[in-house]
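Peer 1: Residue numbers (my numbering), protein chains in the order written: chain A, 6 to 267; chain B, 1111 to 1381; chain C, 499 to 838.
Hints in this document: simulated from the structure, not taken from any laboratory.
Hints may contain errors.
Claimed, not checked - In the DSSO-like style, the derived pairs of lysine-lysine whose C-alpha atoms are separated by at most 27 Å in a straight line are: (1) C:Lys-604 with B:Lys-1296; (2) C:Lys-574 with C:Lys-528; (3) B:Lys-1196 with C:Lys-528.
To be verified - If you want a taste of the chain C side facing chain B, the calculated C-beta under 8 Å gives, among others: (4) Thr-550; (5) Pro-572; (6) Gly-599.
As the structure is a computational prediction, the values presented were derived from the model and not from experiment.
Every residue gets a Cβ at the ideal spot worked out from N, C-alpha and C, and that includes glycine.
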Amino acid sequence: MPENKFFNILISLLFGLTISIILLPIILPLTISFSSSYTITFPPRGFTLEWFINIFLFKSLVDGFKFSLMLGIFASLIAIAMSLPATYAFYRYNFKLKGYLENLLLSPSLTPEIVLSFMLLVYFKALKIDHSFWLLLGHVLILIPYATRYTYASLINLDISIEDAAVALGASRLKAFLDVIAPNIAKGLVASFLLSFIVSFNAFSISLFLSYGETLPLPIAMWNYLQVRYDPTIAALSTILVIFTLTLSLIVRKIVELRGVR
Amino acid sequence: MERNNWMIAIPSFPILFFIFFLLFGSILFVIFSNLSSIKDKFIPIFSSEYFILSYLTTLKIGLVVVIVSAALSYPLAFYSHFYNRKLSRVMDIIVFIPLMVNPLIRSLGWMIILGKEGLINWLLMKLGIINSPLRILYTDIAVEIGLLELFFPFMYTAIASSMENIPYETVMSASSLGAGSLRVFKDVVFPLSITGFMTGASIVMVGCAAAFVTPSILGGMKVKTLSIILREYVDVTLDWDAATIIAIAILLTAFGFIVGISLLKRLLLRW
Amino acid sequence: MMGYLILDGITYYYQKDVFVLRNLNLSVNKGEIMVLLGESGSGKTTLLKIITGFLKPKEGRIIIDGKDVTNLPPNKRDIGIVFQNYALFPHMSVLDNIIYGLKIRKVPKAEAIKEAKELIDLLNLSGLENKRPSQLSGGQQQRVAIARALIIKPRILLMDEPMSNIDPKLRSKLRTETKKILKTYNITTIYVTHDQDDAFEIGDRIAILHVGVIENVDTPKNLLDNPKTTYVASFIGYENIIPITKIKDILSLSIDEHTNSCTHVGIKASSIKLSREPLDSNDYISLRGHVNLISYKKDKISYHISTSIGMLEAYAYDEFLKEGEAVYVNISRRSLVFLK
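Bound conformation, chain A alone (with noise of 0.2 Å):
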């Protein structure tokens, strides 16, 4: 459709501005990481490695990032396990409260993360669970809307019809479900893993109301550090970061893509 002049210019000014303000937060910590000053100012002037080694003089900073690693890791293992059973049954049968309880699946997310975290804050200690579990339990409970996500999405693609075929032909349910449903979702479950992860990496008010002792998530870690130093080291830091999960949700993406599932 052919447009005039001025119509054009306005697009392509708004557009400039919307890049500079989506990108402009995510270059920039990436540019500071190299300068030769002691705080961080800009524009950046000489280059330096130095930051990027300072990271590892900071403990917290170090065993942050293996903490949220290994709690990432988990959380989405465990919440794409307890899902999977639910989404499957979701796929595969139609039964009266199924909308409600697709919705429940969501409802995690419809909760302010802030308000949840402290609602259980309180529950936990109120309960006397273990100090340890709590991060975790918290973790699993956002997760959840994540993992159904594309384990879903691509449930959804297929065709019920195969596993009834394979039954047909003489497997039982078990191995229907493993020799035909398993290899479909697959990709599916690995883009909800990492998407899972992701979100359990970046997580940052329910880490702040439930960590507990000395180790703590690598964001509350970099928040506490970031009370009393504003140096490039934490700049150096994000650099690793952002390459980090841009590289895991690039990796989503092209699975999704892929696969057709949206």
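Given chain A, work out where chains B and C should sit, using these hints.
Peer 2: Just chains B and C, lined up with the frame of chain A:
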């Protein structure tokens, strides 16, 4: 396969129980177990200047973010859906990226941009527009900008998908009857995509009320949103009763928004 | 070039070799209803978008009433469009839909409503003014779409498959009514369709579009009697299309310039008489053949006869032949058409 037999739902029981137990259990527990002690604190807290100020601040910031994100999203969504499909795909990718990056890192980025020695001040001074650095960081505006970046993808997606429901022929009709692009937007596209805008608005408002990292970093000690106060009561003053009340306030506000907007949507559909 | 709407050399392609429209020429007279008849894939959607201005042709011009409008945006061309799915504004009432074009032209509301009322009465839409499009039937929606387009007194009206969403039983009646309205207002109309019945009932002239080119433009009667190309002939229903090489000697025709460039001959099944003995007449060519296949149609019997010039289809109204029987095929000389 149709089975109305509830036994089929059994595999989903563990996870549903998990959600019920933790999510609903915690909310109900917190509210009702402390009911006696917090009952009397509602009025003093809700009427305190501290609370009212932060509530208004939260609302104001949310409103600003809703309006600005819609103002940005609408033209871009309109243009990319009806004029330039290639832009659609670019926007999809651009909009997906920030969701993957830690809000902490993004807030750091904004600190670098908005700080006294940051990008904007450097640029403005270099161009000679100002002589001494502006104070942008630690103001409402900084928080609004940070939250705008955070929530723009949601608003854009909501508006863009509602535009996809408008058949191209409808736009062509308006155009052939004499309407220029602006008129087409005002008379046809905007009215028909309003539900999308409302969905986006509710997501953004609720999100802004609940956001913590961005307002705390970009607002410093100066800008207090509800979530910041909540955390203060939990970690700093250790007044958990007050914290409960704030949490309830946030929940009620979020709930009110969601219900209010879906009612509005239903009204609009009827009309 | 004479003509109210002139399409001059319209060409459109996606890449260098993928032509959608190829050097298309068409001239439509004022007040005429020109039907663009073509199957899906013929390029008619692209042509429609080019005429209305939503697509720019790679080559060629569009001229309306003497003015070259090729570079005009769609909202300045004064072309009324009625879409296949009507594309009514769902959030506006019937009345608001109709007066929209006048609103844009800053016509005072009272006057606009007055004009709208005229069309509403004419199109049998009285009483529906305040309803929403979703509350109307398909036929009513179509009439609203027509009213909306006509009220701006467009120079050209373009109708895109308007009958495709209408119940087949109602189509004939609607066609007559639509034609009546178009003729009352004497609007130059381009009516795009793939349905032959539509085309032949409504069109003053029909342009047959095939793979991006207009193969034939003529009145319905002439198209039936004198199709110009094999595609048109078979599209229109000529059952027998024989390569001219096979039939040349038998016909012992005088070769003139026209027949020389033609590649096929078309014979309608209805121009063939079947008989047990050859008809002794100069008006007919008689060929001997065998009945190959008999199929039963609603009101006649179709015989496929194999002859020396190929398989021919002919009709009869009673069953007097059996499969395998010998029979004489008598082709009326006058009915032969020469095709490219």
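Peer 1: Taking 8 Å as the limit, does the beta-carbon of Pro-572 of chain C come near enough to a beta-carbon in chain B?
Peer 2: Since chain B brings a Cβ to about 5 Å from Pro-572 of chain C, closer than 8 Å, the hint holds.
Peer 1: Using Cβ atoms only, decide whether Thr-550 of chain C comes closer than 8 Å to chain B, and label the hint accordingly.
Peer 2: Hint holds; Thr-550 of chain C Cβ to chain B Cβ min 6 Å, cut 8 Å.
Peer 1: Against chain B, is Gly-599 of chain C within 8 Å by beta-carbon distance?
Peer 2: Interface hint status for Gly-599 of chain C: holds (4 Å vs cutoff 8 Å).
Peer 1: Given the proposed pairing of Lys-1196 of chain B with Lys-528 of chain C, does the C-alpha separation stay at or below 27 Å?
Peer 2: 40 Å, violated
Peer 1: Given the proposed pairing of Lys-574 of chain C with Lys-528 of chain C, does the C-alpha separation stay at or below 27 Å?
Peer 2: Status holds; Cα separation ~20 Å.
Peer 1: Is it true that the CA of Lys-604 of chain C sits at most 27 Å from the CA of Lys-1296 of chain B?
Peer 2: Measuring from Cα to Cα gives roughly 16 Å; hence the hint holds.
The structure does not agree with numbered hint 3 stated previously, though it agrees with all others.
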